[in-house]
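Could you build the full structure based on these sequences and the hints that come with them?
Using the UniProt record's numbering, the letters of the sequence shown map in sequence onto residues 1 to 444.
No lab work stands behind these hints, which were simulated from the structure alone.
Among these hints, one or two may not hold up.
Claimed, not checked - Computed cross-link-like contacts, DSBU-like style, restricted to lysine-lysine with a CA-CA straight-line distance of at most 30 Å: (1) K229 / K135; (2) K99 / K305; (3) K223 / K431; (4) K304 / K361; (5) K304 / K229.
What the hints assert, rightly or not - Here are the computed distance ranges between Cβ atoms for each label pair: (6) A427 / E389: 48 to 56 Å; (7) A234 / H393: 30 to 38 Å; (8) L102 / T410: 29 to 37 Å; (9) S352 / K229: 16 to 24 Å; (10) I334 / F228: 21 to 29 Å.
From the three backbone atoms N, C-alpha and C, an ideal C-beta is built for every residue, glycine too.
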Amino acid sequence: MNLKLRLTILSFLQFGVWGAYLTSMGNYLGSVGLGSKIGLFYAMQGIVSIFMPAIMGIIADRWIQAQKLLGISHFLAAAFLAWAGYYGMSAGADVEFSKLFLLYGLSVTFYMPTIALSNSVAYSVLVNNNFDTIKSFPPIRTMGTVGFICAMLFVNFAGIQDGNLSFNFSNEAGFSSFQNSYSQFFVSSILGVVLFIYSFTLPNCEVNKSDEKRTLSDALGLKAFALFKEKKMAIFFIFSMFLGVSLQITNGYANPFITSFKEIPEFANTWGSNNANALISLSQVSETLCILLIPFFLKRYGIKKVMLMAMFAWVLRFGLFATGNPGGGVWMFILSMIVYGIAFDFFNVSGSLFVDKETDKSIRSSAQGVFMMMTNGFGATIGMLGAQEVVNHYVFSQTDPSLQLAGWQTAWYIFAGYALIITIAFAIVFKHKHDPKAVANINH
1 MNLKLRLTIL SFLQFGVWGA YLTSMGNYLG SVGLGSKIGL FYAMQGIVSI
51 FMPAIMGIIA DRWIQAQKLL GISHFLAAAF LAWAGYYGMS AGADVEFSKL
101 FLLYGLSVTF YMPTIALSNS VAYSVLVNNN FDTIKSFPPI RTMGTVGFIC
151 AMLFVNFAGI QDGNLSFNFS NEAGFSSFQN SYSQFFVSSI LGVVLFIYSF
201 TLPNCEVNKS DEKRTLSDAL GLKAFALFKE KKMAIFFIFS MFLGVSLQIT
251 NGYANPFITS FKEIPEFANT WGSNNANALI SLSQVSETLC ILLIPFFLKR
301 YGIKKVMLMA MFAWVLRFGL FATGNPGGGV WMFILSMIVY GIAFDFFNVS
351 GSLFVDKETD KSIRSSAQGV FMMMTNGFGA TIGMLGAQEV VNHYVFSQTD
401 PSLQLAGWQT AWYIFAGYAL IITIAFAIVF KHKHDPKAVA NINH
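Rendered as structure tokens:
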């Protein structure tokens, strides 16, 4: 099979595993009385992202070939998630937080490092076979987002009816979609087992058998933290953490919010309230398309203005959730999904390119690790724990559906207000002179 096609399948499965539950798990948690704990589940992803990718990276560099470690990690992640699904099925509505959280936590402990490992495998295979990674990798990675979308749509429209797998593309009464149950964990774990097997068919990635001694600081890339001595980089990383607060909020709460409209008679039979995951998948479609805009915007406007666009897009993302509904206001939801591409890509991808440009080659990979740690690690963890407090106070403390809906709107306005404050502060504090020639010469 063509190498690029093999790597495309790898990317498709890698993110399909995640897409099967990332945007719909909050809905299931709410259905079993754990709505007030949603933030903790999503924060766990951020906590393990602080240290597990570095640890797995060391193992892949020194002892176990990356493609094999990728497979082993996916098997363990799939096993624990299948166990979580089995527990959910057995417990019914009497799910204990501690048991489900432990199983889920163990699963993401092994899944989160596979994101970096799958990239490492792709880069290694491409380089070893004389492919240009700058040209070859982006289309491969784009198919990962396609895999994420396909998994989301499958979980949205598939369900078990009369003991058989069936699909519902309308608002058929009584249909139990996977997005509302533990079944989404089984879908993810099946994809994970497929990827476990598939990983062992990929070309070998070399390990470093050098006897050269490296300190723990070197292995973990801690030297890159010296970048905090530079004022501009310190400000950039700190604001990256502040903006990282927003990254997982809609993944955790958008589905429960949109689905909650089913409790309001006016919106109970609307397509959007019954197919929240499908509606949210437009965000990933936008993400895929907005990647193509980054080179133009970076060259024309520079990193500061592009980051400001991302930050303001987060304001719109949350604000449109607060004002929209799945009925006559569904266009606001759709617009929120469209601006997500700018909010996510213009921040993550452009930020990564900025770090690449501003750091020395010797610590460039470690600097990228610091960027990811500040955003998806510390930022996302703080964000989900904070969002949980806000949503619990304004939404889950209420029992009347109309009061809960009002609480959701207040929560989204708070998140939008936070993003606006960060946008204004970044515009004032971060100083950077745009050089179009320097941007054009970025080494991707």
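These are the hints, each one checked on the structure:
1. K229 / K135: Given pair K229, K135 is violated - Cα atoms ~34 Å apart, limit 30 Å.
2. K99 / K305: Judged against 30 Å, a Cα distance of about 45 Å means the pair is violated.
3. K223 / K431: 24 Å, holds
4. K304 / K361: Holds, at about 22 Å.
5. K304 / K229: Holds, because 20 Å separates the two Cα atoms, which is no more than 30 Å.
6. A427 / E389: 48 to 56 Å: 28 Å, violated
7. A234 / H393: 30 to 38 Å: This hint holds: roughly 33 Å between Cβ atoms.
8. L102 / T410: 29 to 37 Å: 33 Å, holds
9. S352 / K229: 16 to 24 Å: The hint (16 to 24 Å, Cβ to Cβ) holds, given that S352 and K229 are roughly 21 Å apart.
10. I334 / F228: 21 to 29 Å: Since I334 and F228 have Cβ atoms about 40 Å apart, the given range 21 to 29 Å is violated.
Hints 1, 2, 6 and 10 from the earlier list are contradicted by this structure; the remaining hints agree with it.
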